[in-house]
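Protein chains: 2
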Amino acid sequence: MTVADVSIEQTMTAMGRQSRQASRAMAAASPAAKNHALELMAVAFDANRNRIKAENAIDLEKGEANGLTPAMIDRLRLTDARIDGIITAVREIAALPDPVGEIENMATRPNGLRIGRMRAPIGVIGIIYESRPNVTVDAGALCLKSGNAVILRGGSEAFHSNTVLAGLMLEACREAGLPNGALQLVPTTDRAAVGALLKMDEYVDLIIPRGGKGLIQRIVNDSIIPVIKHLDGNCFVYVDEHADLEKALPIVINSKTQRTGVCNAAETLLVHSAVAKSFLPGCLAELQNLGVEVRGCERTAELGSSIVPATPGDWDEEYLALILAVKVIDSFDEAVEFINAHSSGHTESIVTRDYDRSNEFLRRIGSACVHVNCSTRFSDGGEYGLGAEIGISTDKLHARGPMGLRELTCAKWVVLGEGQIRG
Amino acid sequence: MTVADVSIEQTMTAMGRQSRQASRAMAAASPAAKNHALELMAVAFDANRNRIKAENAIDLEKGEANGLTPAMIDRLRLTDARIDGIITAVREIAALPDPVGEIENMATRPNGLRIGRMRAPIGVIGIIYESRPNVTVDAGALCLKSGNAVILRGGSEAFHSNTVLAGLMLEACREAGLPNGALQLVPTTDRAAVGALLKMDEYVDLIIPRGGKGLIQRIVNDSIIPVIKHLDGNCFVYVDEHADLEKALPIVINSKTQRTGVCNAAETLLVHSAVAKSFLPGCLAELQNLGVEVRGCERTAELGSSIVPATPGDWDEEYLALILAVKVIDSFDEAVEFINAHSSGHTESIVTRDYDRSNEFLRRIGSACVHVNCSTRFSDGGEYGLGAEIGISTDKLHARGPMGLRELTCAKWVVLGEGQIRG
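Taken in order, these protein sequences are the chains called V and W.
Once you know that position 175 of the first sequence is 177 in this note's numbering, the rest is easy, because the numbers rise by one and skip nothing.
Once you know that position 139 of the second sequence is 141 in this note's numbering, the rest is easy, because the numbers rise by one and skip nothing.
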């Protein structure tokens, strides 16, 4: 370890200690104080547009000099419209019900003890993310609203933008009486800071990485703190032999084309061979009319024109583009097994009128979100009624699928007695 | 890596692959098939007592030759009474309600989609444990009942006992039609097998270690798979200034002395200074009558006799013995802060008649189990009404406190539509 690394480790340890201390006060903070802080943030973002855009301009200039792609530059850019979006998002988070203190399943035991589970903040959450500066605000606001202290570590390319945003948020926290240290941004772009953060299990309870597969895999390998991953969505639509084909067509089209660069867009279509001839020719033509490249199995190729032959890799790929892999299968079981083997476990949808198959699909598909007779595009915190989400977890433990405020809390047992002792 | 390590890695990978495959069939296994397998296990344990005891005798002989302590030998020993206990435990697990498929909070969205969360098996669970061979059966049965495939890795000192028990369980699984590979015991005592297991994130979804602090810390450091820890219980009882002292006395005595070698026994008592003089003299005398060594602060020492002066380390220690640390504090806030700083986050109990303080204690104490006016000894899966537990988690994510069948499942989103697409 170099001298610089030691100093970074000391900085991070000091941050961690402050976060842990702040998390205790945050756990007791009133909903009113937390919402007040969020409203003050919205006001501050509005009042400091020019400062935010000036700091963002420094990042943009550096990014261009460093050869970022136009797409990356675009994601980095903060316009007035995007600042409006950030302000709206914070106010929407403030308006959500506070999950802390909610008690689930309270019941009375034979000995009179009343036992239930109370939602409580997790404690200290570390967010590690790339490029988009609005994540600083979204993730920070969600963590604070759910009563956690948060350590934010954004990408180096957005350092100046993140610093000004986090600074305004921290001022708002102070003004609302939330503890110093409730929200902290790692004050360096040095990679050693991430390494140190991932070892601070004494001070940090959860790491949420948001970014590419490479970043997430590195974090999982290095972290001794629990990580909740948000990985890719290779989503399937399966048109069953008992499908209502008039419903199947819009569901397939919507799942694939309503928006393509997102994790809940469909990437693969499975069609039961009993309905392939009646369904696929029209469906393939409509997809192609909408600009979709179809990569099909041999039987699919026979039912359309200009079908690109699918290679084995196509069944596992998340295109995030106007491309759809299409395969004809011969049974419901084959569809279930194929999906469980090839999907990324994000969202799958069956189109069927068969009662038993709808139930079996729900039970046997091992993905985070399992849909019947609707578009895959609904798997989203807003559409599910959670309000804002911090991401869509592809993990199984703690949070699976859209992860909202509730998933940023944990459940502790509360036991109300009247003097009971154990016999 | 040695040649032997490569071969162990291959063995473990093959096990992992088989477990993953089995987990798909397990997720679809009917409650009847799972319960049938558990009943067949109970029958097999009963019919094979002599074989079990003979294999156990090999472990005992080796253990004595290797100089295990009498306490360790005792934990290792399988008597007829303990085999009876194992049989009863399996039947009790079979009798519990099946958590798989339960749907929580299903609600209809404005667009008519019905959205809820369905409990589903986690997938493949690895259990790493020490000495007691009954864990093979308890942990294995709980994982199977909750629809998971399980990889068991017991301590080398119980290898023969674990092998015969796991073999009988696997036969029962086969006979009941559960998939081959639903339950597997790591067939070697080589430590490299654990190392390999902790890296198989493709095949294993969760690691649950059961054993000493050292074992658990090693596993957390090495695992790239999520780990749920079951650590120590330094439990506190706080007697508030508004306590009903007639209830406080039995709660303190019961929390400390009803059973001492367990994680939910009290290790520290805090008493508000306003009631110290009326409460402590009698309480200390009764504790000492029951053989408890009292380690007290200076003010405690003034209110009793033969009080051992407490050192700073006493506030953080889990004695698991007839020892109690006692401290007089001056305010409710001091008690809350002291507990959050020194307890291990397992179970704490307040004795008070004050409504606001009871609520504030529930909200502000950051432990897995927070009790009001009852003994700490109730924090246990059986007492909480969960049935059998696989342990008491001191982690915050996914499972906190007693971890029963429900905590061995995860929740996936299920969405029931009628052709909805996203606009």
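Source of the hints: derived by calculation from the structure; they are not laboratory data.
Values in this document were obtained by computation on a predicted structure and should not be read as measured data.
Please note that a few of the clues may not be correct.
[To be verified] Here are the simulated BS3-like cross-link-like pairs (lysine-lysine), alpha carbons at most 30 Å apart as the crow flies:
#1 Lys201(V) to Lys231(W)
#2 Lys279(V) to Lys64(V)
#3 Lys231(V) to Lys279(W)
#4 Lys231(W) to Lys215(V)
#5 Lys231(V) to Lys215(W)
#6 Lys231(V) to Lys231(W)
#7 Lys201(V) to Lys249(W)
#8 Lys279(V) to Lys249(V)
#9 Lys64(W) to Lys249(W)
#10 Lys215(W) to Lys201(W)
#11 Lys201(V) to Lys201(W)
#12 Lys201(W) to Lys231(W)
#13 Lys215(V) to Lys231(V)
#14 Lys215(V) to Lys201(W)
#15 Lys249(W) to Lys279(W)
#16 Lys231(V) to Lys201(V)
#17 Lys249(W) to Lys231(W)
#18 Lys215(V) to Lys201(V)
[What the hints assert, rightly or not] Partial selection, computed: residues in chain W whose CB lies under 7 Å from chain V:
#19 Thr81
#20 Tyr357
#21 Val374
#22 Gly384
#23 Tyr386
#24 Ala390
By construction, the Cβ of each residue, glycine as well, lies at the ideal position given by its N, Cα and C atoms.
Hints, one by one, checked against the model:
1. Lys201(V) to Lys231(W): Satisfied, since the Cα-Cα distance of roughly 16 Å is no more than 30 Å.
2. Lys279(V) to Lys64(V): violated (55 Å)
3. Lys231(V) to Lys279(W): violated (54 Å)
4. Lys231(W) to Lys215(V): holds (27 Å)
5. Lys231(V) to Lys215(W): holds (27 Å)
6. Lys231(V) to Lys231(W): Holds - the C-alpha atoms of Lys231(W) and Lys231(V) are around 19 Å apart, at most 30 Å.
7. Lys201(V) to Lys249(W): Given that 30 Å is the threshold and the Cα spacing comes to 44 Å, the pair is violated.
8. Lys279(V) to Lys249(V): holds (16 Å)
9. Lys64(W) to Lys249(W): violated (50 Å)
10. Lys215(W) to Lys201(W): holds (21 Å)
11. Lys201(V) to Lys201(W): holds (18 Å)
12. Lys201(W) to Lys231(W): Roughly 17 Å separates the two Cα atoms, so the pair holds.
13. Lys215(V) to Lys231(V): Given pair Lys215(V), Lys231(V) holds - Cα atoms ~10 Å apart, limit 30 Å.
14. Lys215(V) to Lys201(W): Holds, at roughly 18 Å.
15. Lys249(W) to Lys279(W): Holds, at roughly 16 Å.
16. Lys231(V) to Lys201(V): holds (17 Å)
17. Lys249(W) to Lys231(W): violated (33 Å)
18. Lys215(V) to Lys201(V): Holds. Lys215(V) to Lys201(V) sits at ~21 Å (cutoff 30 Å).
19. Thr81: Violated - the Cβ of Thr81(W) stays beyond 7 Å from chain V, reaching only about 26 Å at its closest.
20. Tyr357: violated (11 Å)
21. Val374: holds (5 Å)
22. Gly384: This interface hint is violated because 10 Å lies over the 7 Å limit.
23. Tyr386: holds (5 Å)
24. Ala390: At 16 Å from the nearest chain V Cβ, Ala390(W) fails the 7 Å test, so the hint is violated.
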